[in-house]
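Chain order of the listed sequences is A and B. Residue numbering for the first sequence follows this note's numbering, starting at 1 and increasing by one per position. Residue numbering for the second sequence follows this note's numbering, starting at 1 and increasing by one per position.
Worth flagging that the hints you see were computed from the coordinates, not collected in a lab. Heads up, some of the hints might be wrong.
Stated by the list, open to error - Listed below are the simulated DSS-like cross-link pairs for lysine-lysine, each with C-alpha atoms no more than 25 Å apart in a straight line:
#: 1; chain 1: A; residue 1: Lys100; chain 2: B; residue 2: Lys10
#: 2; chain 1: B; residue 1: Lys55; chain 2: A; residue 2: Lys55
#: 3; chain 1: A; residue 1: Lys177; chain 2: A; residue 2: Lys58
#: 4; chain 1: A; residue 1: Lys95; chain 2: B; residue 2: Lys55
#: 5; chain 1: B; residue 1: Lys100; chain 2: A; residue 2: Lys95
#: 6; chain 1: B; residue 1: Lys95; chain 2: A; residue 2: Lys100
There are 2 protein chains.
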Amino acid sequence: MEILFATSNKNKFNEAAQMLKAEGIDLKQYSFSYNEIRSDSLEEIARDAITAAYKRCKLPVFVEDSGLFIESLSGFPGAYSSWALNKIGLDGILKLMEGKDNRSAYFEACIAYRDGYDVVTFRGKCPGRISEEARGEDGFGYDSIFIPEGEHQTFAESIELKNKLSHRYKSLLEFSKSLNSRR
Amino acid sequence: MEILFATSNKNKFNEAAQMLKAEGIDLKQYSFSYNEIRSDSLEEIARDAITAAYKRCKLPVFVEDSGLFIESLSGFPGAYSSWALNKIGLDGILKLMEGKDNRSAYFEACIAYRDGYDVVTFRGKCPGRISEEARGEDGFGYDSIFIPEGEHQTFAESIELKNKLSHRYKSLLEFSKSLNSRR
Numbered sequence: 001m002e003i004l005f006a007t008s009n010k011n012k013f014n015e016a017a018q019m020l021k022a023e024g025i026d027l028k029q030y031s032f033s034y035n036e037i038r039s040d041s042l043e044e045i046a047r048d049a050i051t052a053a054y055k056r057c058k059l060p061v062f063v064e065d066s067g068l069f070i071e072s073l074s075g076f077p078g079a080y081s082s083w084a085l086n087k088i089g090l091d092g093i094l095k096l097m098e099g100k101d102n103r104s105a106y107f108e109a110c111i112a113y114r115d116g117y118d119v120v121t122f123r124g125k126c127p128g129r130i131s132e133e134a135r136g137e138d139g140f141g142y143d144s145i146f147i148p149e150g151e152h153q154t155f156a157e158s159i160e161l162k163n164k165l166s167h168r169y170k171s172l173l174e175f176s177k178s179l180n181s182r183r
Numbered sequence: 001m002e003i004l005f006a007t008s009n010k011n012k013f014n015e016a017a018q019m020l021k022a023e024g025i026d027l028k029q030y031s032f033s034y035n036e037i038r039s040d041s042l043e044e045i046a047r048d049a050i051t052a053a054y055k056r057c058k059l060p061v062f063v064e065d066s067g068l069f070i071e072s073l074s075g076f077p078g079a080y081s082s083w084a085l086n087k088i089g090l091d092g093i094l095k096l097m098e099g100k101d102n103r104s105a106y107f108e109a110c111i112a113y114r115d116g117y118d119v120v121t122f123r124g125k126c127p128g129r130i131s132e133e134a135r136g137e138d139g140f141g142y143d144s145i146f147i148p149e150g151e152h153q154t155f156a157e158s159i160e161l162k163n164k165l166s167h168r169y170k171s172l173l174e175f176s177k178s179l180n181s182r183r
């Protein structure tokens, strides 16, 4: 079974392809960029994106939108995570967290899939906290400053941890269950 | 002469109404909200917004998009200024600026106007710098941390300064000149 993943982010694609391979699903990257809407809701963004992607490729396709939501920063950078990372970097996030006792944060992902008829969405969430400094070389994005709940290593220090606990993994797992149940 | 200003921001509306009154133009607020596109370009955002606004009101109407662009933060918060202010506040911006020698920044505004046929745009820019701390009670948004070039007071300490030098004033002035030349 082969389906398209519409994304321009190579890291995201590789991560998803590896995870879904284990579930018997082959992914093909559909390089796709368009004007995303502004919204604080990942689901709203993903639903808008899948409409645009399907309109172009006219094949079963999914998109994934994700973000890091930091409690003491009112959910910043949230749905604008990759944009904020390009602008202020991990240093900027750590600076904003200086002196904050509450370092709680969560990663969230929302997949939207259109098989030709309906759009279905799948969410995954990973609670945790922002580390005091960046640690680790694996992963990408905010992985080196995020420690999942109950753990001591950042996602970038332990890719095994990430592959087991991440928001993306959880959303992909729900997605693959749904795909496999329809076969 | 009366035209519509499509905005949901009361502060923006009041400021523009006052400025354009002096040029013989009466503004009426057209309360309008829609899903803005994501873009780092104010002009692209304004052009998209005016298309949406005109489609609804079918009358001569303008929109204005503006932002604060900080040099040492790669232009952050830029086109996402009001969103970022709600999330991390002025304190967040000042924290990000700690230890930065380069405090250069500029405000920029872009007006897009549609009279029924064409869309025309008008830009205004105000160079300056980020103050060390928030000062002043007037204005709104980032006014209390922005000092225009060659001055010592923030926009929030001197509304006269703001009304004379601001990006919004400059873009509105160009706009009113264009409107008055067509009468």
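Violated hints - listed by number, lowest first: 1, 4
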